[in-house]
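J.: Those sequence lines, one after another, are chains C and F.
With the working numbering, letter number 166 in the first sequence gets 166, and the count goes up by one each step, no holes.
With the working numbering, letter number 110 in the second sequence gets 110, and the count goes up by one each step, no holes.
Just so you know, these hints were derived from the structure itself, not from any lab.
Keep in mind that this is a model prediction, so the values were computed, not measured.
There could be a bad hint or two in this list.
Said to hold, decoys possible - Listed next, with one range per pair, are the computed distances between beta-carbon atoms:
1) C/Ala216 <-> F/Gly131: 26 to 36 Å
2) C/Trp219 <-> F/Gly22: 45 to 55 Å
3) F/Ser138 <-> C/Asp20: 21 to 31 Å
4) C/Ala127 <-> F/Pro113: 46 to 56 Å
5) F/Leu236 <-> C/Gly80: 49 to 59 Å
6) F/Ala90 <-> C/Ala127: 23 to 33 Å
7) F/Gly131 <-> C/Leu28: 21 to 31 Å
Claimed, not checked - Covered stretches of chain F, going by a simulated chain C footprint (3 or more residues, C-beta under 8 Å):
8) 50-60
9) 71-83
10) 225-234
Glycine is no exception: its CB is placed at the ideal position from the N, C-alpha and C atoms.
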Amino acid sequence: MTPRITGATALRVLRQLRRDPRTIALLLLVPSVLVTLLHELFSDRPQMFQQIGGPVLGLFPFVSMFVVTSITMLRERTSGTLERLMTLPLAKLDLLLGYALAFGLFATVQAALVSAIAFGPLGLDSARSPVAVVGLAIANATLGMALGLLVSAFARSEFQAVQFMPALVFPQMLLCGLFVARNQMAGWLRAISDALPLTYSYDALARLTSPAALGARFWADLAVTLGGALLALALGAATLRRRTG
Amino acid sequence: MRDDRYVSAGAIVVRNLRVIRGGTIVLPGLSLDVETGTVTGLLGPSGSGKTTLMRAIVGVQLVAGGSVEVLGLPAGSRELRSRVAYVTQAPSVYGDLSVRENLAYFSSVLDAPAENVESAIETVGLGGFEGRVVNSLSGGQRARVSLATALLGRPEVLVLDEPTVGLDPVLRRDLWDMFHRVAEQGATLLVSSHVMDEADRCERLLLLRDGRLLAEGTPAGLRDASGATDLDAAFLRLIETEEPA
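With the rest of the complex left out, here is chain F (with noise of 0.2 Å):
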């Protein structure tokens, strides 16, 4: 466990975060940092809290305990609404809207340049699409316009759950390089997968297992330390050395 007295100049700073859905306890005591400027992996099998955590983030999650600061404010801050961008795992757009109905509606709200429009929709590559209304359009399809959405304000922190599930792995590799641009830009990238070819695509990764932050580092360094040629290994690994069998 990280010692509390740590101080990180980090975009995200998690300290003993405690989470209880329904009377389980989900996250037990989760203390993590995100670096600013990244594009960190959040890795973690399905039930392993990455979803609470990243509701945590940006403030939607109930929380029992501990502390979530984003951009050096209490996650949920009103000052954040308009920095911190969240896309959630089930696309979250309206169904009976088109593309650029949507985009337009969130990007009023967000008080976003007209243009944004159809740069985000050119960033996700929906170029094409835009009259098309969302229910019309692939699963795969839909994710983007909920992906383009949160590009819309050009937010600092953007919190993306699973955003390439689905995705043909052209369209997974050219949304992964957006991501690094965006994060030149000086965003930061908090994304969860749990599919471990992605997590190479990362700069830096935190592999959660039922709610307890397993490892972190960059892609090679957990390599090295597991001893495990690749990263599918390596957390099985990381796994066996923390609960022998």
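Bound-form chain C, shown alone (with noise of 0.2 Å):
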């Protein structure tokens, strides 16, 4: 690994990101929007919105980061360009961390965007600094990127890619606890739930927002979310192959 070549293929996928922005307006707003939508829909219930407004926020920029990095390694893979990379003197590594600092650094304006509306105008509180809602929701973004890199190996077209997100993104969703509490599901969907990455990182956002105290289980949460982050990486990783058939 070369942190020259680390540097120049981050600098490289912003400037990629800079030609392109519509996405960068759709990335930063969308949060946004979504959030002020949630904040109305429980206009009469504020107390919902306080519960679950906090691990909403988080759960964004791994969302949004899922779907740009799968899309963004899949035209690396396409475009002939992952096959001219891998004839050059450039780490696997150096490709990663290089994609990981760019969208992270994007992943943090678009956490750092949609919290300041939800805890200014909105009203949201938080038992923790927002700061550290931000700083979660950053280790959230680098989730879904690890995922979203991982997936990108087993698609063949951006369509395939797409899809990615419905088959593997709203299951995590469905059962993290955001819609029914964990104690509430069925034995089986609970089971399923406890092997589901996201139900770590929604259980950590929700205990740093709430005003308990964070106990073990939330450092457990961090270190689970951190962990497969890592573990979807060097999966990710292992699909990167200098010699293809």
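Join the two chains into one complex using the hints; note that each chain is given alone, in its own frame.
T.: Laid out in structure tokens, this is it:
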């Protein structure tokens, strides 16, 4: 791994993103619009918004980074640039960390913006600093990015890559505890939920924004989130082959 | 078939190379040499295995047997990644970046001096297009951006897969002149083509058909050997002698 190449890769990814202002606008504005909708939806029951608003903030970067990374990496594979990079003195880690840096930076801006709106005009309260919520959102973005990178190896077209979102992201959202508390789920659903990384990310966010003590479970959640990201990244790295058939 | 005990100091030495792609034998056991400091043409109809051979030489092709050595090292060695450059048939550059941004990125990966970017742009005749986004360029211009990328690191071996397809005759002549200048400085070029009039611009030719080396030699030598006046006819006669109708 070479810091020069990692940095150049991050800069290159950001430059590519800059050429697509519509995507930037959508990525930055849509979460804010959605969180405002959520606020209005529960205008009669503000305690609901207080309860789920915080965790939801952290989920946006997970979803958007999953989609953005899977498509960008798929393009890299299909355009032949990945094959060219594999003939050059670039380590796989340079490529992966370059992406992580660029998208991590972008996720930070996204999370900061939606948090500013939620904690500001929408009046969301957090038991802990909004900065911690943004920090956890970035951890979630890393998880989404790593999963997106991994699935890009299994998509043959951008159309397929987009379909991985309902296939892999929606079940995690449904089962993470956001819609139905996990202790009210049927045993087998709960067992599936136990195996999904987003369950732990959601739990960490819920604990962070609730006034109760964080407890050891919070740190375990955080470890699973980051461990899941590392595992997905390692599996994703294994799909980047210098030699192919 | 060449004697395997033959020892050569060629820049590229291929021995009994066997490649199977998707259950089909593409290269059944190919042996050939590319002399250092020459422009060698790799000719043959589409499907003859030219691209597969080139991919094996740059170390991105999974091989089933045999050996490929480049500059005395096994193909795909880490040390070769900054000494061997490969240009794929389809331009492999970032369509959403400008010409200069593409070259700047690959130049950082190669740790090439900054002035190489400008000279590579000049060499492929893209002066004045530096700021243009690659997607807005014509197919021929995109191919030249891809070619310029390969020149950045001043490689010792250049493997070019049909680099002049779709270019106008003046530009093609200029590029072939450039290939010879690069070779005069000591580099070795392997250039594939299915256009026979380009063959005359090579110092040596390798004729490939169905993954086998049909003939090799200088353009004049091949014409004399077959008794034909032009290379197209020479190629036809060589095929007919090998497989009498």
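J.: In ascending order, which of the hints set out earlier in this document are inconsistent with the structure?
T.: Numbers 1, 5, 6 and 10 - these are the hints that the structure violates, sorted from lowest upward.
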